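Undergrad: For reference, the chains in residue letters:
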Amino acid sequence: MLEHYLTALMTVLQPVNLLAIFLGSLWGVVAGALPGISASMAVVLGIPFTFGMHPVTAFSMLVSIYCGAITGGSITAILFGIPGEPSAVCTVVEGHAMAKQGHAAKAMWIAIIASAVGGLFSVLVMMFATPLIASFALAFGPAEYFALMVLGLSVVSSLSGRSLTKGFLSCLFGLFLATVGTDGITGAERFTFGTSVLLGGIGFVTAMVGLLAASEIFAEAEQPFKEKTESAEYRGLRVEVPRWAEWRGHLGLLGWSSALGTLVGALPGAGATIASFLAYGEASRWSKRPEKFGHGAEDGLIAAEASNNASTGGSLTVLLALGIPGSNTTAMLLGAFMIHGLQAGPLLLVQRPDVVYGIFIAALLTNLVMVLTTIWGVRLFLQLNRLPYSVFASIIMLLCVIGAFGINNSVDDLYVMFIFGVIGYLMAKFGYPTAPAVLGLVLGDLAELSFRRGLVLSQGDATIFFTRPVSAVLLLLALVALSYPLFQKKMGIPSEI
Amino acid sequence: MGRGELVFRGFCVLFFAALLPYAWQLGGIRRFGEVGSGFWPLWVLAFATVLSLFLFLQGLWSARRESRQKAAAQPTSAGARRCLGAMAIVLAYLLILPWAGFVITTPAFILVFMLELGERRVGILSAAPVLITVGLFLFFIKFIQIPLPRGSGVFLTFSRMLY
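In the order they appear, the protein sequences are chains U and V. If you count the first sequence from 1, you need to add 1 to reach the working numbering. If you count the second sequence from 1, you need to add 61 to reach the working numbering.
Worth flagging that the hints you see were computed from the coordinates, not collected in a lab. Be a bit skeptical, because a hint or two may be false.
Selected chain U positions facing chain V (Cβ under 7 Å, derived; list incomplete) [claimed, not checked]:
(1) F52
(2) G53
(3) F219
(4) S395
(5) I396
(6) L427
Straight-line distance between alpha carbons at most 25 Å, and here's what the computed DMTMM-like set of lysine to aspartate or glutamate pairs gives [to be verified]:
(7) K293(U) x E283(U)
(8) K101(U) x E292(U)
(9) K289(U) x E247(U)
(10) K101(U) x E247(U)
(11) K430(U) x E127(V)
(12) K430(U) x E66(V)
(13) K203(V) x D413(U)
(14) K430(U) x E223(U)
(15) K293(U) x E247(U)
Partial chain U-side listing against chain V, Cβ under 8 Å, derived [to be verified]:
(16) L173
(17) A189
(18) L399
Treat the numbers as computed from the prediction; the structure is a model and nothing was measured. Built from N, CA and C at the ideal position, the CB exists for glycine as well.
Construct all of the structure, not just a fragment, from the sequences and the given hints.
TA: Structure representation (structure tokens):
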């Protein structure tokens, strides 16, 4: 294992990979700061740039975009009071309050350092846990894989929207889309309606570019023309450089917020937003000065930022070890693996350790480099913020076009992207979460194959899914996840059903 | 609940229900000892039809209740018109792109798209289309070498002069 780490370190330290990490992180920070560009969209828009790159370079860049985007959300949250990312909502509450009190630089430093610590913690957990989980998962059969897919889809369907029915319907839509094309077992054409375009199935990266990025532009087009937003007074980060003595009292908070973020990030469908809300809630519950929460509490800002960044390592662990994407962003990364001819999951560690260990080292470096890129990112963002949204929208739409076209160099993919852009817009407009559809599309094929292979192994006996211990436990957890929204009202969380 | 959402819910019911017979036909395609090609999609579509029907009926019920309570009028449709316009511009761009090529259509697309989004500053409208197209052309076509559509006929001849 040490040999793999040394090889990966030597690879990642090559100038081209360091440049990829630096640029990826900078783009991630700026994109995360720009309202309307989510972490998943930042990764989607980064994918065309990785065409033709070596996988280690490509994933160094994409992982740094992912981590950078989560951190970048704090910039607009603190300076403008607008969450650049949904996970930065708690940062708005405390960070913007600090900025309004004239402590914008201090709030930025807290966000930067807490993000870096949270990110580093989760990467260390990822480096330790991924090989362990992957070696355990190597023994999984079709029944366990099917149960794992059901768990992932159930959690995403129940957590990603306010209505369980809509979440579940969105998931079924994704599962249906995954059946389009040639059946992997019988070779039969399904739902192709005689067209050769659909024979290979619906390319999920193309569909995701439409669902996640193009749909966002259509939704933004509906809003009135935006002039630039005024920020809180900001005179650079040198004004309030943090001192070690100020941090000593927050080390425990940093530690458990990072641990909570990593754990929540590993749960499919949970991710950075839920991690930051949970950590913020716990921080306010255990704080010695709860009255400060909502008025610029440093503890709240630390908890929110450490946990939302720590969630990235958690979700990457599940992606690399099991091949299960827990969020839109990791689903995009799964798609990027396929574009580069790789299949994320336990076998990847055996077949391409250079890539997996390269990702570990790149993620570690990203969280260190990110301190620097965030400092520069703030300046760059404030410059870019002078540009009108119409310029960004045009660039994003063209990157969607290039990204969709570049996968197969096919014009047909452009129409697929457009159709999914419209579908994604309508889904978002009417409250149907897109994450379950994306995950249904990504996992549907493997879920169906595992289900059918499981039945073949058991000679048609469906009890195989309930009698194998791991499979039974996973299905039980799926049931718990599905019944969670039914208890939402009792827990005070609004629900439509 | 708005009429648009109700129509969307109704469309979902029709979409999933219309595909059910097709999935049923696929049930006949199978290998020995295997559930076949139609089993999985049939269950997925059946569940989806039931759920979408539930949502549609729920929508109908709440729409009736709202009309009884004389709900407030729907918000202005200016945003929806702008959004439809943006969609139409993107679709037109995608349809023209294979015929006229990337280099010719892209600046025109950017200009029209920015106008649709409400941009009226002449400086930005004149500089952005050229700068963005040149930037994308240099990076994606010259550097990464993605063979973006060249067009046909006279447009192809023009594009071939560039890449």
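Undergrad: If you check each hint against the structure, which ones fail?
TA: none
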